[in-house]
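Student: The chain contents come next:
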Amino acid sequence: MKLLVCLLTVFGLAGAQEIKLPPSIEKLADKADEVVDVTLDANMLGVAAKFLSEGNQDEATAKKLVSGLKGIYVRSFEFSKEGEYSVADVDALRAQYQPPVWSRMVGVRSKKSGEHTDVFIRQANGNIAGLAVIAAEPRELTIVHISGNIDPEQLQHLGGEFGIPKLELEKKKQATTPEAKPQAK
Amino acid sequence: MSRLEDDLRQALSRQEPSDGFADRVLARVQAEPPRVSLWERLSGLFRMPALRLATVAALCMVLAIGIGFEQQRRSREQGEAAKQKLMLALRITSSKLQTARTAVHSISEE
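Protein chains in written order, with our numbering: chain A, 157 to 341; chain B, 622 to 731.
Once the Cα atoms are required to be at most 30 angstroms apart in a straight line, the calculated DSS-like pairs of lysine-lysine come out as: (1) A:Lys267 / A:Lys237; (2) A:Lys268 / A:Lys237; (3) A:Lys268 / A:Lys187; (4) A:Lys183 / A:Lys268; (5) A:Lys176 / A:Lys220; (6) B:Lys706 / A:Lys176; (7) A:Lys183 / A:Lys226; (8) B:Lys706 / A:Lys206; (9) B:Lys706 / A:Lys183; (10) A:Lys206 / A:Lys219; (11) A:Lys237 / B:Lys706; (12) A:Lys187 / A:Lys237; (13) A:Lys219 / B:Lys706; (14) A:Lys267 / A:Lys183; (15) A:Lys187 / B:Lys706; (16) A:Lys226 / A:Lys176; (17) A:Lys176 / A:Lys219; (18) A:Lys226 / B:Lys706; (19) B:Lys706 / A:Lys220.
None of these hints come from the bench; they were simulated from the model.
Take the sequences, apply the hints, and build the full model.
Tutor: Laid out in structure tokens, this is it:
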């Protein structure tokens, strides 16, 4: 088992650029209070999709999303205290998502909260062929790697589905926008 | 009392059987068919090839059906487990994308 943990985990097989998860990140499972480890290749996605119900909204959305995917890999670690993982290791992972294959779509860094989130996409023939999210927080590290065709419209709706409430950002924006004052004649 | 004793002695005294009694008993024993136990009756049935074949076929069918049910049950379990993992993965992805989106909106509002 220890040997298996030490071996490099490889994301995104079958012809795509392989992303190697550093062994030091895999070993975080021993230190973390909570670990989420999901590895679903094309076969398992096919099996899972058969059991998704059209009657359930979340599952119906998932079924549409999954139809073009080749793999979903998630590693999420939650720690009881800060400083349990090395920023250098996370940077080494981020460095693998480089052009020309990958491009960074969003990069958010907050000194206040210590959060650093990057969203990468891989494009092929004008379509999105991969998505990666690396979210590093002081007590939590999450790595998501999705390979396969993703519909941009589904991607847009992905935030706010599966039990995660959509934030009413549009209404909030309208409330804060000052009303235009009529010009005096 | 003595009369009672005499009557009892007479009633329980040894009586000699009639002539030919032993021969009659032996003849009757030989005439009766031998008793066959249940096991011997059942095993006798299996001497018939057709019945043997039918029994083996029935057992094979029961085994095949049992294995089929077990495989189906395992497939269903695996499928449900895969589905749960998929939904969890999508929830986590959704949550992190939402966080990034919120941060971008907050920055653009400032």
